[in-house]
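Trainee: Dock chain B against the given chain A, drawing on the hints supplied.
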Amino acid sequence: MDTFGLKIIASDKVFYEGRCRKLIIPAPDGQKGILPNHENMVIAIVVGTAKVQLAGEDDWRDLAVGTGFAEIVNNRVTLLVDTAERPEDIDVRRAQEQQERAEEQMRQKQSIQEYYHTQASLARAMNRLRVAQDKKWNL
Amino acid sequence: MANIREIQSRINSVKDTMKITNAMYMISSSKMTQAKKKLQDTEPYFYALQGEISRILRHLPELEHNYFVKREDIPPEERKIGSIVVTADKGLAGAYNHNIVKLEEEILSRPGIHKLFIVGELGRHYFAKHGVEIDTNFQYTVQKPTMHRARDISGVLLDQFEKGELDEIYIVYTRMENSVQSEAEVIKLLPLERSSFNEMKMPLNVHRESIELYPSAEAVMDSIVPNYVTGMIYGCLVEACASEHNARMMAMKSATDSAQDLIRDLSIVYNRARQAAITQEITEVCAGARAQKK
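Chains A and B supply the protein sequences, listed in that same order. Residues 0 to 138 in numbering that gives the first Met the number 0 are what the first sequence spells out, letter by letter. Residues 0 to 293 in numbering that gives the first Met the number 0 are what the second sequence spells out, letter by letter.
If you are wondering where the hints come from, they were derived from the structure by calculation, not from laboratory data.
FRET-style restraints, in silico, Cβ to Cβ: (1) B:Gly90 to A:Arg75: 43 to 53 angstroms; (2) A:Met0 to B:Gln142: 45 to 55 angstroms; (3) B:Phe67 to A:Arg75: 26 to 36 angstroms; (4) A:Glu103 to B:Thr145: 18 to 28 angstroms.
A virtual CB, placed ideally from N, CA and C, is assigned to each residue, including glycine.
Bound conformation, chain A alone:
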């Protein structure tokens, strides 16, 4: 089966580099799938769950990603996101606390900027919790 090069770069480390068969990323208007030999494209990514099927594997692995973008050039995909986490690296307790804190702040009167900030924080927390539900990723 055809594969493509995948490189996932998070702001604090190079998260993954290798061959990949299929990739699904969260775009602003829904999920977007990428197969080998995809057209050259740059796609914005929002906070959500990305799914990958690595070369030589049949099961899907989940990972929580933050905002960023994916760049597809010459059958190479670079995923540049501010955070990328495997389910088992997610601290469920911390994510829960983050969610509660964000919800608490949402209820208070805030400026628009603070509101967006809290909203983004809440989205990240909820996404972490969602991904952490089933821990499948083990590289």
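Mentor: Only chain B this time, still in chain A's reference frame:
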């Protein structure tokens, strides 16, 4: 000559100070190693972002975006200039803080309405006394820079930039050239300069691969540029943190060295004084004995 006890207590106090400076030296050196590692970890992300912006600019040279608008219609006296000033939280770091302050004062002397965003206690105290407008809600420390803090900072700045409360944003920080040399530096954060992304001039007869931007060029730029600014601020914070610890390390090292010199000199003086006291005692005893004999 000072008396023996005085010299002794002086030596002890110098020794105590030396213990502290030596400990600070070691703390700073370990913190610097951490900061350097952090910097290395974040570099690929940052360079990839930069490369991506330049790629998009290359493919879409006509792209107009909010963050590239220079707002040239505003005369220099009315331009609102914001600067992020990264100083240390405390002194004892040689000329580190002084260099930053000097550089910032250079910016303040230019025309325009200035507003300061200060990271670090020391700078905040300094500029509070000098009657410059300081954003008081902007309370961040320089210890352990995190992505989260950089995101907060860039959030505040991008918001003010978009609202037109700021027309230009600079960051003043210290860049590490290598492990011995670091230099205070000013970088223009916003508006973005096309030239800083070294646009490649491609010959016309070469086939260019076309890249589609999804959902739209604006949406992609919207998601790249804030991250780019955040990454830039994060990089600067980490770099500043590393150079602060480097500066402190150097300062503490020279303090320890000069304490050692001081101790050596003092112990010579001490030994002389002790020897003089012994000699004098012997002389007195001998003189006394001779007097008895007669």
